[in-house]
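*Asks:* Reconstruct the complex from the two isolated chains, following the hints.
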Amino acid sequence: MILIRGPDPTFVEPGGGPPAENFSTYLETGPFLLGSPSEYARLKALAFPGEGGPAILAVDAPDDIIDLAVDAAFPLDQGIVQYDLGTGLEELCVAWPSLKKHVLPVSGP
Amino acid sequence: MNATTSYLDELQALLLQPTRSIIEIVDRLLSISLEHHLQIDWRENTLRVHQGDGDWEQLKVSIRKSIFRAILARLATLANESTPNSVSLYEGRGKVSVSDHPDLLIHFSFSNSLGDQWLELAAVSIPIDSFKPTSKEPHETKTDLIQTTA
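So the sequences go chain by chain: A and B.
Start counting the first sequence at 108; every next residue gets the next number (our numbering).
Start counting the second sequence at 130; every next residue gets the next number (our numbering).
Each hint should be verified, as a subset may be incorrect.
Computed footprint of chain A on chain B; a stretch qualifies when at least three of its residues, placed anywhere within it, have a C-beta under 8 Å from a C-beta of chain A [said to hold, decoys possible]:
| no. | segment |
| --- | --- |
| 1 | 150-164 |
| 2 | 213-222 |
| 3 | 237-246 |
Computed spacing ranges between beta-carbons, pair by pair [as the list claims (entries may be wrong)]:
| no. | chain 1 | residue 1 | chain 2 | residue 2 | range |
| --- | --- | --- | --- | --- | --- |
| 4 | A | P116 | B | I192 | 16 to 22 Å |
| 5 | B | G181 | A | P204 | 32 to 38 Å |
| 6 | A | E158 | B | K194 | 20 to 26 Å |
In case anyone wonders, no lab produced these hints; they're calculated from the structure.
By construction, the Cβ of each residue, glycine as well, lies at the ideal position given by its N, Cα and C atoms.
Isolated chain B (complex conformation) (with noise of 0.2 Å):
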C-alpha cells in the first residue's frame, strides 16, 4: 500500500460510513492530516485531498448535513479555546493543534451557514517553542434535561 491509497483509504474509512462520534471524527480528520501532511478541501459531498506535490484526490462524502455542520462547529470551538474569539459561529479563519503532533497546526477557514458548508484545511509545520495544546473537555453523564440556544 503506497502513501496517497493509505490516507484516502483512512479518510475514507473515517466519513463514508461514518461509526464515530462527531468530536472522533475530528480529532480522527486532524491526526490524519497532520500524519501525513495533507491539505483538504471538503464542500457539500465532495472531499478533495493533497499531499506535497501530488494531485488533488478527489472522495464522495455523503454525510447528513447536521453532522458535517457539527464538524464544522466543532472545529470552531477548538480555534476558539485555542485563540478567544477567533472564529466566529458562521465562518472564520483559525488553527488547531494536537498533542500528538507538537510540531504540525493545522489552518483552517471554513463556513458554517444554513446555505453554505465548507472546510479548507492545511497541516504546516510550526516552530516547536510556540506548541500550545488543545484542551480537551470531559464527556459526562445522561440527563433528561435539555436545552438550546434562541
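Isolated chain A (complex conformation) (with noise of 0.2 Å):
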C-alpha cells in the first residue's frame, strides 16, 4: 500500500482508530535507536497478523527533503527521519512517484 500510494497521513490502522498524521523512517546506515527495522517489522507484523507480514520498505529520498524533517528532537546523527506535516510530509508525498523504491524481505515473525 505504502510503495504504491506513497505515505498518507489519513491512514487509519485496520481495527480502527485516528489518522496515522505523521510518517516515519530511518537512514539506512542508522543508528537504530528504535530498534533495527526487521525488528520493528516483525514486530509490527505480530500486531497486524492480517497484513501480509513483516517487509522493509527502502526509498531513496532526496537531501532537500530529508533536511525538511530535521530538527533538535530528531537529528539525523540518530537515525530518525520524522515527517510530520509541516517538517518534509508534504514534500515527500508529491515526490513519491518519481523515488527510487524497493521492498526487503524479512523472515519471520
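*Replies:* Right under this line is the structure:
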C-alpha cells in the first residue's frame, strides 16, 4: 500500500482509531535507536497478522526533503527521519511517485 | 531553590521547549527521575509528577505527538535491550537502568498506539548486585537512502 500510494497521514490502522498523521523512517545506515527495521517489522506484523507479514520498504529520498524533517528532536545523527505535516511530509508525498523504492523481505515473525 | 522547584524546573526546561534530541530527552528524563526519586504520569499534554510523600505537581507539556511517541518507543527499546521481548511496540511494562545510578531502577508502563499514548514511571531502589547497565548504541552518519517498515 505505502509502496504504491506513498505515505498517507489519513491512514487508519486495521481495527480503527485516529489517523496516522505522520510517517517515520530510518536512515539506511542507522543507528537504529528505536530497534532495528527488521525487528520493528516483525513486531508490527505480530500486531497486525492480517497485513501480509513483515517487510521493509527502502526509499531513496532526496536530501532536500530529508533536511525538512531534521530538527532538534530528530537530528540525522540519531538515524530517525520523522516526517510530520509541516516538516517534510507534504513534500515527500508529492515526490513519492518519482522516488526509487524497493521492498526488502524480512524473515519471520 | 527548594527540591520541588528544582525537579519541576528541570522537567520544564527539558520538555516545554525541547532543544534536545529524542535520545537525549529520554536519557535526561530517566536521570531526573532517578536523581529525585520521582513518580511520573504523562498522558496527552499533561505530565504529573510526585516525590516521596509530597503532592502531585502538574506540568502542561505541548510537544508534537511524534516526539512523545518516539520517547515512548525509545523507552520500549531500552527495556527490550535490558530484557528481550519484555514489551511490545504498542504497550507494556518494563524496567530500565542508568549507569550513573547503579542502585536505582526505573519501572514503567506505557501505551503507544495511534489513539492512546501515555507513560507511567517510577524510580525504585534495587540491590546493588542485581544492577545491569543499559547499553548505548553508537551514533553514525547520514546517507540519502532511508527505509521504513511496511
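*Asks:* Work down the list of hints and note, for each, if the structure agrees.
*Replies:* Here is how each hint holds up against the structure:
1. Counting residues of the segment 150-164 of chain B whose beta-carbon sits less than 8 Å from any beta-carbon of chain A gives 4, enough to reach three: the coverage restraint holds.
2. With 3 residues having a Cβ less than 8 Å from any Cβ of chain A, the segment 213-222 of chain B passes the three-residue criterion, so the hint holds.
3. Residues of the segment 237-246 of chain B lying with their CB closer than 8 Å to a CB of chain A number 3, which satisfies the three-residue condition for coverage.
4. Checking the proposed 16 to 22 Å range against P116/A and I192/B shows it holds: the Cβ atoms sit about 18 Å from each other.
5. Here the CB-CB span from G181/B to P204/A is close to 58 Å, at odds with the stated 32 to 38 Å.
6. A C-beta distance of roughly 23 Å is found between E158/A and K194/B, which places it inside the suggested range of 20 to 26 Å.
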